[in-house]
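K.L.:
From first to last, the protein sequence lines stand for chains A and B.
The numbering used here puts the last residue of the first sequence at 321; the count rises by one with no breaks.
The numbering used here puts the last residue of the second sequence at 574; the count rises by one with no breaks.
Calculated directly from the structure, the hints in this document are not laboratory data.
Computed from a predicted model, the values in this text were never measured in an experiment.
Do not rely on the hints blindly, as some may be mistaken.
List of simulated lysine-lysine pairs, DSS-like, C-alpha gap at most 30 angstroms [to be verified]: (1) B:K488 with B:K408; (2) B:K408 with A:K14; (3) B:K488 with A:K14; (4) A:K135 with B:K408.
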Amino acid sequence: MADTAITVEKARKKYGGTADRYALDGLDLTVARGTVHAVLGPNGAGKTTLVRILSTLLRPDSGRVEVAGHDVVRQAYDVRLRIGLLGQHAALDEELGGHQNLEMFGRLYHLGARHARVRAAELLERFGLADTGRKPVKQYSGGMRRRLDLAASLITDPEVLFLDEPTTGLDPRGRAEVWSAVRSLVGGGTTVLLTTQYLEEADQLADRISVVDAGRVIADGTADELKALTGGDRIDVVLRDAGHLGAAVALLPVPKDDVRVDPDRRLLSAPVTDRMAALSGVVRALEEAGIEAEDVALRRPTLDEVFLHLTGDDRRVKEPA
Amino acid sequence: MSMSTYALTDSWTMTRRELAHWARQPVQVVVNLVFPVMLLLMFGYLIGGGRGVQGSYIDYVVPGMLALTMAFGLEGTMIAVTQDLNKGVVDRFRSMPMANGAVLVGRSVADMLQSALALFVLMGVGYALGWRADGGPGAFLGAVGLLLFFRFAMLWIGIHLALVAGKPEMVQAVQILVWPIGFLSNALALPETMPGWLGTVVEWNPMSHTATAVRHLFGGTGTEHVAAAIVWPSVLLAVFFPLAVRRFARLSR
Ligand SMILES: Nc1ncnc2c1ncn2[C@@H]1O[C@H](COP(=O)(O)OP(=O)(O)O)[C@@H](O)[C@H]1O
Ligand SMILES: [Mg+2]
Numbered sequence: 001m002a003d004t005a006i007t008v009e010k011a012r013k014k015y016g017g018t019a020d021r022y023a024l025d026g027l028d029l030t031v032a033r034g035t036v037h038a039v040l041g042p043n044g045a046g047k048t049t050l051v052r053i054l055s056t057l058l059r060p061d062s063g064r065v066e067v068a069g070h071d072v073v074r075q076a077y078d079v080r081l082r083i084g085l086l087g088q089h090a091a092l093d094e095e096l097g098g099h100q101n102l103e104m105f106g107r108l109y110h111l112g113a114r115h116a117r118v119r120a121a122e123l124l125e126r127f128g129l130a131d132t133g134r135k136p137v138k139q140y141s142g143g144m145r146r147r148l149d150l151a152a153s154l155i156t157d158p159e160v161l162f163l164d165e166p167t168t169g170l171d172p173r174g175r176a177e178v179w180s181a182v183r184s185l186v187g188g189g190t191t192v193l194l195t196t197q198y199l200e201e202a203d204q205l206a207d208r209i210s211v212v213d214a215g216r217v218i219a220d221g222t223a224d225e226l227k228a229l230t231g232g233d234r235i236d237v238v239l240r241d242a243g244h245l246g247a248a249v250a251l252l253p254v255p256k257d258d259v260r261v262d263p264d265r266r267l268l269s270a271p272v273t274d275r276m277a278a279l280s281g282v283v284r285a286l287e288e289a290g291i292e293a294e295d296v297a298l299r300r301p302t303l304d305e306v307f308l309h310l311t312g313d314d315r316r317v318k319e320p321a
Numbered sequence: 322m323s324m325s326t327y328a329l330t331d332s333w334t335m336t337r338r339e340l341a342h343w344a345r346q347p348v349q350v351v352v353n354l355v356f357p358v359m360l361l362l363m364f365g366y367l368i369g370g371g372r373g374v375q376g377s378y379i380d381y382v383v384p385g386m387l388a389l390t391m392a393f394g395l396e397g398t399m400i401a402v403t404q405d406l407n408k409g410v411v412d413r414f415r416s417m418p419m420a421n422g423a424v425l426v427g428r429s430v431a432d433m434l435q436s437a438l439a440l441f442v443l444m445g446v447g448y449a450l451g452w453r454a455d456g457g458p459g460a461f462l463g464a465v466g467l468l469l470f471f472r473f474a475m476l477w478i479g480i481h482l483a484l485v486a487g488k489p490e491m492v493q494a495v496q497i498l499v500w501p502i503g504f505l506s507n508a509l510a511l512p513e514t515m516p517g518w519l520g521t522v523v524e525w526n527p528m529s530h531t532a533t534a535v536r537h538l539f540g541g542t543g544t545e546h547v548a549a550a551i552v553w554p555s556v557l558l559a560v561f562f563p564l565a566v567r568r569f570a571r572l573s574r
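For reference, chain A alone in the conformation it holds in the complex:
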């Protein structure tokens, strides 16, 4: 138990009334203490439902869910003592200022009035919000709001921190700020469970990744293991002239069947093993064949491609005609 921060066994949840399917459908998950675990899945996969159950906001219909050694249903209070939550939507008092918010939460964590004030000032400083502490939160930008929300979830240095799509809707700078904040936490021994729709984000932050779909974990592993599952990194080639797509397929250093062609975007996409060799090889081969390319790029597989490989459910990428 001491090594496990989060245990979820066969958790099921169906929203009352109209819902015709389970939002969580027998989900299993184990997160080791002091690690960062990403829950990766598309919209509607059940990520928020999972986070709300883990943070005691929602009760599972069945299954066993433990956080920091306590049952989320029977020992909700003990769980609440040990967690921090950054929900998908801001959980702040919009009328009050940043400092007022943090001080209020500090008091509700029973830090005492003085300590709550000091802690609020500390966190505002740390998240670059010191100058804006008096402005009402409703006047904050999206990035500021997210940072204040994150600060609020860290008031007591929680053992386990939940982040539900922490960077969705943020600009690249906001995203980088959240990433660096998460990285700095891990040094302190906090266990982090974060949800995301981006494999890239999971790859950057997490030790392990669980891929969820329709309320279940459909794959589990390190970023490298998952990438291996999906055929690793990919090379994308955008041609100037769609007429050359067929000829270009033959130039790529992989079997023809592994290349996906999207004629609308004049795009070829193929898995690669040796990134640099593939890149220079493809550029040279295109040049020699006299095929003009608009763009050649290496990238991580996307969530769509992970899904394609895991479920055989091809959602976006078209097969060659």
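Once you've looked at the hints, dock chain B with the ligands against the given chain A.
P.N.:
What follows is chain B with the ligands alone, placed relative to chain A:
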């Protein structure tokens, strides 16, 4: 510290939150006070003279308007709770190790303070219009106590309805209902002057008991209806307080 100590400190923290909202939006506080004052001016001054009222109408209508303002508080509470529940911050409260229900206590204290303030202002305006409380200080305090007790019952009905309905659209439905309940009382006119069935409804309306009891206390004309003005809100509280607390504990589960 024990959970019950926390219940007190948490409730105080949540009350401070409501007061901080006031400080941020003083205009809103004033607007909430202006509305009952306008009603009083309309009925007590412009329209003047209720149906079937003997003696000074102002002595009749001021206590009625005080009771009516307490009744309309239901709507204010319901709106505030509904808005709060639809805000993300309640999720944070519920994910924290704070006393269950402190959010509701904070709301109650703030609403009761707002209502006490409204009573104070209305009585001031009433005084300017010629209304006098002749019953002595004990009866005066008793009357204010009955009004606030009635408001307290309205408060928990408001909280319960907000928790049950939960959606801003539903607030409008309740708003439409509160008006007839408020006006189908003897706040503004005597039930004897109304058609038979209406008069019966009006006499049974809990608000009528409070209004009548308060009239007598202010006027120094005895303690008629005081018992009913204590019993009715007590019954309403006995029903709606536990319902609301239970509903809140089970929120979105
Ligand atoms: N409050 C709710 N009432 C009814 N259905 C819901 C509610 N919240 C989520 N759902 C449904 O449950 C499923 C999982 O949703 P959610 O956990 O929000 O997924 P994610 O966070 O991965 O996008 C979806 O099909 C969604 O429509
Ligand atoms: Mg979500």
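K.L.:
Next, verify each hint and record whether it holds.
P.N.:
Tested hints:
no.	hint	in the structure
1	B:K488 with B:K408	holds (12 angstroms)
2	B:K408 with A:K14	holds (23 angstroms)
3	B:K488 with A:K14	holds (21 angstroms)
4	A:K135 with B:K408	holds (19 angstroms)
The earlier numbered hints are all upheld by this structure, with none contradicted.
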